[in-house]
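Enquirer: Listed below are the residues making up each chain.
Number of protein chains: 4
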Amino acid sequence: MEDHRSPDFPSLTIPLFEEMKKVFQTREGQVVIFPSSGTGAWESALTNTLSPGDKLLAPRFGQFSHLWIELARRHGLEVVVQEEEWGTGADPDRIEEALRADKAHEIKGILVVHNETATGVTSDVAAVRRAIDAAGHPALLYVDGVSSIGSIDFRFDEWGVDLAITGSQKGMMLPAGLGIVCASPKALARMDTATCTRAYFNLADHFKANAGGYFPYTPALPLLYGLRESLAMMFEEGLDNIFARHRYLASGTRAAVDAWGLSLCAKEPKWQSDTVSAIMVPAGFNGADVIDRAYRRYNLALGAGLSEVAGKLFRIGHLGDLNELMLLGAISGAEMSMRDVGIQVEPGSGVAAAQEYFRNAHGAADQRLAAE
Amino acid sequence: MEDHRSPDFPSLTIPLFEEMKKVFQTREGQVVIFPSSGTGAWESALTNTLSPGDKLLAPRFGQFSHLWIELARRHGLEVVVQEEEWGTGADPDRIEEALRADKAHEIKGILVVHNETATGVTSDVAAVRRAIDAAGHPALLYVDGVSSIGSIDFRFDEWGVDLAITGSQKGMMLPAGLGIVCASPKALARMDTATCTRAYFNLADHFKANAGGYFPYTPALPLLYGLRESLAMMFEEGLDNIFARHRYLASGTRAAVDAWGLSLCAKEPKWQSDTVSAIMVPAGFNGADVIDRAYRRYNLALGAGLSEVAGKLFRIGHLGDLNELMLLGAISGAEMSMRDVGIQVEPGSGVAAAQEYFRNAHGAADQRLAAE
Amino acid sequence: MEDHRSPDFPSLTIPLFEEMKKVFQTREGQVVIFPSSGTGAWESALTNTLSPGDKLLAPRFGQFSHLWIELARRHGLEVVVQEEEWGTGADPDRIEEALRADKAHEIKGILVVHNETATGVTSDVAAVRRAIDAAGHPALLYVDGVSSIGSIDFRFDEWGVDLAITGSQKGMMLPAGLGIVCASPKALARMDTATCTRAYFNLADHFKANAGGYFPYTPALPLLYGLRESLAMMFEEGLDNIFARHRYLASGTRAAVDAWGLSLCAKEPKWQSDTVSAIMVPAGFNGADVIDRAYRRYNLALGAGLSEVAGKLFRIGHLGDLNELMLLGAISGAEMSMRDVGIQVEPGSGVAAAQEYFRNAHGAADQRLAAE
Amino acid sequence: MEDHRSPDFPSLTIPLFEEMKKVFQTREGQVVIFPSSGTGAWESALTNTLSPGDKLLAPRFGQFSHLWIELARRHGLEVVVQEEEWGTGADPDRIEEALRADKAHEIKGILVVHNETATGVTSDVAAVRRAIDAAGHPALLYVDGVSSIGSIDFRFDEWGVDLAITGSQKGMMLPAGLGIVCASPKALARMDTATCTRAYFNLADHFKANAGGYFPYTPALPLLYGLRESLAMMFEEGLDNIFARHRYLASGTRAAVDAWGLSLCAKEPKWQSDTVSAIMVPAGFNGADVIDRAYRRYNLALGAGLSEVAGKLFRIGHLGDLNELMLLGAISGAEMSMRDVGIQVEPGSGVAAAQEYFRNAHGAADQRLAAE
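Chains A, B, C and D are the protein sequences, given in the same order.
When the letters of the first sequence are read in order and numbered with the UniProt record's numbering, they come out as residues 1 to 372.
When the letters of the second sequence are read in order and numbered with the UniProt record's numbering, they come out as residues 1 to 372.
When the letters of the third sequence are read in order and numbered with the UniProt record's numbering, they come out as residues 1 to 372.
When the letters of the fourth sequence are read in order and numbered with the UniProt record's numbering, they come out as residues 1 to 372.
Chain A extracted, bound-state conformation (with noise of 0.2 Å):
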């Protein structure tokens, strides 16, 4: 492994840069890589762009739009808080009415998570631009894409996405610990009259060093080097293809559920996530159950329901380097879950029901083989 003060360092890092433009779907954003979490990737976006006491409309519809609102007003930004149901998304219709109502401008950007893990909600961001537009409102699109970005379609240029960022752990494949920032020209313009309090996040000191392959500071090199190979391994896939095998697990998970009787906390299908399920136990049942009995008895992580929805689901995420067989194993162990704490599914239900949308969804399995 490399020192990162060796000449011929750049040669890895100029190409990650480049490279992630195209998992943003961006020609003209420019990409910043912090060794940090995304939360950190979060502060970098908005103490670049912007100044205490700005204002920001955020609708709140499940934890990770919660803490970001949060980590915002930490840094003396003023936000107004669109809140929507936990099972559905940003609503576009209610962020152009507040559009159209600040006359004023004063609302300087708009916070989007577009993949809530919690809820197992995506957003559609397409629909927030055109707001935006129809509202004639200058502020910036911030989007949260940290379990969205290299899974699901994420159009950073044709969405008019200002400030897009993510992290390494999700659909990047690697461990925890990149966090990622791409920012639009016009967000850029905005780093040199934005006042917030920057300096490890410092967007300004990453481009300078970057220009030349390096960075300000001692960088994550073993995640930087497995950077490259996730995206050489993207690549290869192709984005598109990607995007479908996403699409196509969790079609199959979901058919699972309704064989089940369950619902997903996603309340319209518009809303379901091709990343993350977020399964609704019957009333009478705790989620906390269920999951604990997958862990301890199957060896099986699901995820948990957080705040407002603390024990009412538990999640399967269907993300990343999975394919059938091993979902079929999830979905079996979420079965004998429910059952062994008394949900009364049908043993093999899921199962078979979601066997039999892989068995018959030629596009994308099709897809797969032709290019196998």
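The set of hints was computed from the structure by calculation and includes no laboratory data.
Please read these numbers as outputs of a predicted model, since none were measured by experiment.
Some hints here could point you the wrong way.
Any copy will do: because identical chains look the same in the list, a pair fits if it lies in one copy or spans two.
[What the hints assert, rightly or not] In the DSBU-like style, the derived pairs of lysine-lysine whose C-alpha atoms are separated by at most 35 Å in a straight line are: (1) K22 x K270; (2) K55 x K270; (3) K267 x K208; (4) K21 x K270; (5) K55 x K208; (6) K208 x K312; (7) K103 x K270.
Position chains B, C and D relative to chain A; hints supplied.
Expert: For chains B, C and D alone, coordinates are given in the frame of chain A:
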């Protein structure tokens, strides 16, 4: 990684021989570890204890018993073959009969494959020993334990085994590359008079070098380190728990086969292997089609029928580092593949039966829970 | 690798905090581990204990003291800089003088870089503490131990350090990616009144989550596992033995420099670092040429002179998992590279001197032998 | 890691056989890869082409030529030994003489160890071929290339080698565990009539299974993947560059030995091996003491004198993934160890001489630079 001639090397190797004896469940046997596959261990067991022209008795009921017989013949040994129906195993009564008839004690050894992978059949080695004793016959008992030792109960001393052989790639959870022989004092006493040609597989060279912790030629070093780890893991879990775990997973698999309305190749429950299930496909179907579909469409490696049972079955292995959910994934894959090629099993039926078995199997499962 | 929200996760993390305290040599301090570089730990130490406009005193004598001062200024802190000649370190007398003059106790903290990598200089932190005490001044003592902690003796409690920071990539023998802060009770008492903006690097969030063994956001999981291994290795060797080993290797390197007839950047023996030696090239030569030659011709990574000492020196690191022969190889490489660019050192002279030092250094070396 | 019976397995294996042929520098030879050490490859070469009672001619000048002769005798072969002084190698004139005297062509093969590790001697195989041809003798030429092939120029076709053997653990830069045989058409023609007992090491079984990309028994799978990587690395560097690199490192080592005033075991420059230097200790000293000191005090593995040269020398290997600085570290360690046991070499003298050789060796070194 150390040099195999370094002063510290014996501190790695000497404990390996002692620990391997525990896996064979022997106090009196001596263990040798070759850089070879299990086939080399077959050759070593025979050539170090027999002379060209010596007569052996060998039941044949699968691909591996067949190959061992062929190898013995190449070394100039005369093998009296007892043909047994594939799906059954060694017949102690026939063995006793043959030994009783051999008044002159021309038969120098009996070759038994403990667990025949090709058909999913486990023979009763203890019964074979009783047969030999009942006949009062001095023949040596040679046992192939490649796919049983470390997974299924195997008792070298108690069963009076004289030469047992195994490899690194099954119960020891390592890649292939080690051929392991355990020899009884009675077997070792034959080394001086046995005249079969041997050099690479000469036990005496190994005993001599091993005494000091070294090898007569370069050993497969990384596998020796791996073996140390595997042995530590195995004794941490406990051999009895390992055997119970394999029985538990095998029982779940057999519940699935029942639910499918299919049969195992093993003709009776007493022959059923706990490490592999060979499942007969209905008349009119080819097992190879199921296997091919599973491999190409679901990335699942099912075992093929070999030789006499080619095309008639497919195999699910349930050995090594495997848990319920991984196995349920494989059972799902078999279900889908069968349906894809037209075999009318009920979707989810095998998975449901295996699930219910696992949920209700308190014995083994709770033992595991308690141990965690 | 476990999920960072799993029930078993605390059994990994809680011991890490305890063990890290032993590395800092503290009983009273509290440790936080960020997914960041050491620069983030700088930011955390300052922003959690200070308010914009607070005054700091900071000796500057190298690249890292310079950068820390710059970072403090970005957070609105006023830094009174004591310029010290590069090649020397913090001057306790000047610090005492400045503190005595600060009757109003406007100075809230003193920033000291314990081991300045750029010049190979170690400051005397215990003497700085004595100076503060002699002045009877309440300022907090902030110490950067990124390149010293775990390699050079560092005594958090005994020296009365209030905020110490380090990273994973030096003494902890891991890749970069963890920023580690240790805070004294006195420092922690400032958290409530300190008004510097902080969110990602907020200590309070971590203390709250860490109490249960969790983190407020996704941690750098593989590095936490690595840290467990590193800590185990370190305590097996013993901190005192580690410090002695670094002094031993550094002394051999210094013997080589003497034999070459060259000088260290460190002006006096008391400043000499045991983790890195910065070696002045003779007038008329450029250290960068030596470094470039070493890298391109001998695959050897020598450190460069930074900022004020750019071109004037090259650095040999002698930290981490290194033994005599690896270091002698590096000294050989430096010798050849110097000769290649025209610096007239005697071939083999530095190596010979280091060899003789190593052969005769009974103290540290025999200690190692006895321990093996 | 794939199953060795999977449909995709041949896409791994078939290219390995082709690429290995390039390493042997043959178009006409056929390659077999055993899960074994090089000793197994010795056995295979002999037993597949000879019959008990066949006569072989073998110069003996080191431990490995001695062991190969012993192995041949165990297989019932009669070996006429030509004793050569240790420190020299095969004598083409004596071989020619012996073959000319063998009017009846009773000698069926000549065994030559190309590179004798024990003494650091390389024999001239091309000259042996010329001797055989000059005598007009039909004997097969068997060559042990375990420590030469892939490191020192070896030309199977051009030198008319009939059976060459090697292993994975030297020039192929892998752990031990593969025994590799290359057989000429003339050698293959002997398989039908050769009656030596063979089963595990039967070439015909391998040729038959290898034709389809499979093996007659379980191969050492991870080493096959490793071999693919090693071959790719080797052809990227280029065989000629690899040979030049070994010569370059060996020459530096020999410069050190000269500077010490010591001698190689190799009696004349023509015998000097480019993969290992065996260095005679002065009278009154024991090489084993140097080796013991190096191992215990400096963590350096020097090779021991074996058999006839036990105690008289120590060996420095310069083969595989090694560069100048690693070798200079080893030379330093040898220097210190010799001084520690009382051998009066000048400190740094060997290192200085090797350094100056490396600095001035434009041929090989610049070739490397240009290639980088």
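Enquirer: One pair to classify: K55 and K208, alpha carbons no more than 35 Å apart. Within, between, both, or neither?
Expert: Result: close both inside a copy and across copies, 29 Å intra and 29 Å inter.
Enquirer: How would you label the pair K21, K270 (within, between, both, or neither) given a Cα cut-off of 35 Å?
Expert: Result: close within a single copy only, 27 Å intra versus 50 Å inter.
Enquirer: Given identical chains, is K208 near K312, meaning Cα to Cα at most 35 Å, within a copy, between copies, both, or neither?
Expert: Classified as between: cross-chain Cα gap 25 Å, same-chain 48 Å, threshold 35 Å.
Enquirer: 35 Å Cα cut-off: does K103 pair with K270 within a copy, between copies, both or neither?
Expert: This pair counts as within: shortest intra-copy Cα distance 31 Å, inter-copy 67 Å.
Enquirer: Have a look at K22 and K270 and pick one of within, between, both or neither, based on CA distance no larger than 35 Å.
Expert: For K22 and K270, only the intra-copy Cα distance (26 Å) is at most 35 Å; the inter-copy one is 53 Å.
Enquirer: Please sort K55 with K270 into within, between, both or neither, judging by C-alpha distance up to 35 Å.
Expert: within (29 Å within a copy, 55 Å between copies)
Enquirer: How do K267 and K208 come out at 35 Å by Cα distance, when the copy is not named: within, between, both, or neither?
Expert: Classified as between: cross-chain Cα gap 34 Å, same-chain 45 Å, threshold 35 Å.
The structure is consistent with each of the numbered hints, conforming to all of them.
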